[in-house]
Amino acid sequence: MIKKLVVCVFGLAALSVNADTVESAFNLCAALDSTGVLSQECEVDGGESTVKATLDMSSSEARKLCAGTVELARQNGMYFNGEWKLKLYSPYSNGNSIAVCKLD
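Heads up: the sequence shown runs through residues -19 to -1, 1 to 85, numbered per mature numbering (1 follows the signal peptide of the UniProt record, and there is no 0).
It is worth saying that the hints were derived from the structure and are not from the lab. All figures in this text were calculated on a predicted structure; none of them were measured in a lab. One or more of the hints may lead you astray.
[To be verified] Here are the simulated BS3-like cross-link-like pairs (lysine-lysine), alpha carbons at most 25 Å apart as the crow flies:
{"hint": "1", "residue 1": "33", "residue 2": "68"}
{"hint": "2", "residue 1": "45", "residue 2": "66"}
{"hint": "3", "residue 1": "83", "residue 2": "33"}
{"hint": "4", "residue 1": "33", "residue 2": "45"}
{"hint": "5", "residue 1": "83", "residue 2": "68"}
{"hint": "6", "residue 1": "45", "residue 2": "68"}
{"hint": "7", "residue 1": "83", "residue 2": "45"}
{"hint": "8", "residue 1": "33", "residue 2": "66"}
{"hint": "9", "residue 1": "66", "residue 2": "83"}
[What the hints assert, rightly or not] What follows is a set of in silico ranges between Cβ atoms, one per label pair, in the way DEER data are often shown:
{"hint": "10", "residue 1": "62", "residue 2": "37", "range": "17 to 25 Å"}
{"hint": "11", "residue 1": "3", "residue 2": "41", "range": "25 to 33 Å"}
{"hint": "12", "residue 1": "3", "residue 2": "52", "range": "27 to 35 Å"}
{"hint": "13", "residue 1": "1", "residue 2": "75", "range": "27 to 35 Å"}
{"hint": "14", "residue 1": "39", "residue 2": "1", "range": "17 to 25 Å"}
{"hint": "15", "residue 1": "14", "residue 2": "45", "range": "18 to 26 Å"}
{"hint": "16", "residue 1": "1", "residue 2": "73", "range": "28 to 36 Å"}
{"hint": "17", "residue 1": "58", "residue 2": "14", "range": "16 to 24 Å"}
{"hint": "18", "residue 1": "14", "residue 2": "44", "range": "14 to 22 Å"}
Ideal placement from N, C-alpha and C gives every residue a C-beta, glycine not left out.
Given the sequences, and given the hints that come with them, work out the whole structure.
The structure is reproduced here in structure tokens:
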């Protein structure tokens, strides 16, 4: 499932994004939403400078996915100025993140 999601994110995140960090956050969310594997819609929290996504996977899978998604966002020109984070959640984690990555 991770490979499928990473391939989908790579293919769908090929957006030309050289805009500010908020626009990049919304573009990353749109790319994640378009994969069809999220358990609920991706969220952008501007106050916490966080992109939040919920997926039905283990924390070890989520950590791998987190790192891969950060790299793909970088490769696709998404800019976060080192101030944003990607937080991944499980529908079973009671609101606690199962993986967190710093977005560059």
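Original post:
Hint numbers the structure violates, sorted upward?
Top reply: 10, 12 and 14
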